[in-house]
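Participant: Residue numbers (the working numbering), protein chains in the order written: chain C, 1 to 214; chain S, 1001 to 1428.
The hints are simulated quantities; they were obtained by calculation from the structure and are not laboratory data.
Glycine is no exception: its CB is placed at the ideal position from the N, C-alpha and C atoms.
Check before you lean on any hint, since a few could be wrong.
[Stated by the list, open to error] So, partial list: chain S residues that the calculated Cβ filter (under 8 Å) puts toward chain C:
#1 Met1258
#2 Glu1265
#3 Leu1267
#4 Lys1287
#5 His1288
#6 Arg1294
#7 Arg1298
#8 Gly1299
#9 Ala1303
#10 Ala1312
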Amino acid sequence: MRIVIVEDSVLLREGVTRLLEEYGHSVVAAEGDATRLVPVVEEHAPDLVILDVRMPPTHTDEGLRAAIELRMARPATPVLVLSQYVEERYAVELLAMGTVGVGYLLKERVADVREFVDAAVRVADGGTALDPEVVSQLFARSRRRDPLATLTPREREVLSLMAQGFSNGAIAAALVVSAGAVEKHISSIFAKLDLPPSELEHRRVLAVLRHLTG
Amino acid sequence: MMAAVMKRLFGAYARPRVWLESTHLLLGLPVGIGLFTIVVTMLAVSTGTLFSLVGLPLLVMTVAGGRVVGQVERARVKALLGVELPAHAPISWQRGLWPRAKQILADRPSWRGLAYALLMLPWGIVTFTATVVLWTVAVSLVSLPLWGWVGEPPPAFTVDGTRFHLHGWSLVAAVAAASLVGLLLSIVLPRVVHALASLDAALARRLLSPNEAKRLAARVAELEVSRNASVESSTTELRRIERDLHDGAQQRLVSLAMNLGRAKEQLQGSDDERARELVGAAHDEAKHAITELRDLVRGIHPAVLTDRGLDAAVSALVVRCPVPVSLHTELPRRLPAAIEAAAYFVVAEALTNVAKHSRAHSANVRVAERDGVLFVEVLDDGVGGANELHGGGLRGLHERVTAVEGRLRVVSPFGGPTVVSVELPCAL
């Protein structure tokens, strides 16, 4: 997998580069700010762009704005946004452009290296990777528009993992239940939330996110 | 006993005050004569030659002299009477000779200084005369018994053509009576001198110092400016600290945790259980430290408040609150950073209290800006009894809110509901 990294901290830029290379990916460009993002992406046509939210010159949200801009210019480019803070508001802005090939994770998730690399691969493959913190914020926000309140605790766990972008198999492994049990929960969730049933995993995630952010 | 009485009656003479005040009152006459002469001459000459080349500059100089009079006289009052008179604010000079001349001619403190100079002559006559009479009469009466010693002939006086000579017991009685009057007078003298000196100081204050109400108004304006500056600077300072932590410690910790994570993966296949354990524990610790630091930094100044404003920042608070909260915001524009921060921390603290103490089932947050005032209200259906004085957090809020000239109200009867409401002025 060919990756572009945009991160202003040299320490992290190099650390993440080394980490990804250990897992057999190649970092084709590492930038210190997002000003040249679109030309760099056009030049290298990477499989994934990893972006920090806060970067020079204003140190506010240029990474996020650059990500949105990039997805408008080249909607097919998968983008994984990392941030010291995750805010539901940013997630909604990012997901408004579609949930295919999007990730939004707390920066510290890179500490769990294997999970982080898995999430990066998932996003590059057109999947979704949302931080559990964002998902719980989204849950809280829509808590009162509630078909969500009718879910059982187990169904909520399953929904939360789905929203983070996990596949059925990964959910079953995380909850230590059988794949069949997960499927049963999912169809129950879809029925309760009045979502169209779908076999394709990413379309399912999409439906869930649309429900949460809408 | 006797010594105490003496000290009480005549002690004033052992202290410098009566001497300094008397000197000041005596100086009133020469100062008055001098000032009067100079000012009248200068005014006469300058107005007489007003339409010649020298007249106008001379008049400007004369008027400007009013400030000098003020300076000198305030110094004299301070040195001799110990009364500190505040000086007028200096003229904030415009550019150019002519505008400055006009500024001087329109300068009230200068004209008041001149008025003082003119008044000092009649007033100086009063103070000088009173002081001289008081001191000479008191001294001569008290010292009357001494005159016999130095060989003065006994006093005599004439009533209706009959000449009376004082001698024998009548002389003693008269001298004793006169001395008694002298003693009484010398008891009163320091007080009379002090009263005159106070009058003098009051006159100087009236004419040579800015009016008290005006001075206070100026002071309030000055304090307002410096307070706004300090509120503003503390807000920017907090943002700077937040950014420094973000760029420094947080990145370093994330990098550390990542390296520990990589080490953990490397050790996965190793037999060294002890090493695996240690690295695993260090990895967990590092992640905890990151979480703690993140919460701390959010408490200092949340980044989303700077990036997206009050609406987004308050939404983030609401979704983090374990109690269901409904939120209504009407914020058509971004507000000054200090106001946004104050409003944000009011909601944060109020929701913390809701979660920790209120036992509420639901809460309601309203944030709306109307006509240059930001209204914030947090209402919960909990048990009430929240007290501004008891809750340290609420008191902290009070300080935060008053620092930006806002008002905080907490209504929380036992049994609830609790309403925390704030009004923050935010100029249009």
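Participant: Does each hint hold? Answer for all of them.
Facilitator: Taking the hints in turn, this is what the structure says about them:
1. Evaluation of the Met1258/S hint against chain C yields a held restraint, the C-beta minimum of about 5 Å falling below 8 Å.
2. Because the closest C-beta pair between Glu1265/S and chain C is about 6 Å apart, less than 8 Å, the hint holds.
3. Below 8 Å, beta-carbon pairs count as interface contacts, and Leu1267/S has none with chain C, the closest being about 12 Å; its hint is therefore violated.
4. Of the supplied interface hints, the one on Lys1287/S holds, with its beta-carbon coming within about 5 Å of a beta-carbon of chain C, less than 8 Å.
5. Taking 8 Å as the C-beta contact cut-off toward chain C, the hint placing His1288/S at the interface is violated, the least distance being around 10 Å.
6. Restraint check, Arg1294/S versus chain C: the minimum CB separation of about 7 Å is within 8 Å; hint holds.
7. Residue-level restraint check for Arg1298/S holds (minimum Cβ-Cβ distance to chain C is 7 Å; threshold 8 Å).
8. Annotation: Gly1299/S was flagged as interfacial toward chain C, and the flag is violated, the nearest CB pair being 12 Å apart, outside 8 Å.
9. Interface hint status for Ala1303/S: upheld, as the beta-carbon distance to the closest one in chain C is roughly 6 Å, under 8 Å.
10. With a least beta-carbon distance of about 4 Å to chain C, the hint placing Ala1312/S at the interface is held under the 8 Å criterion.
Of the numbered hints given earlier, the model fails hints 3, 5, 8; all others are met.
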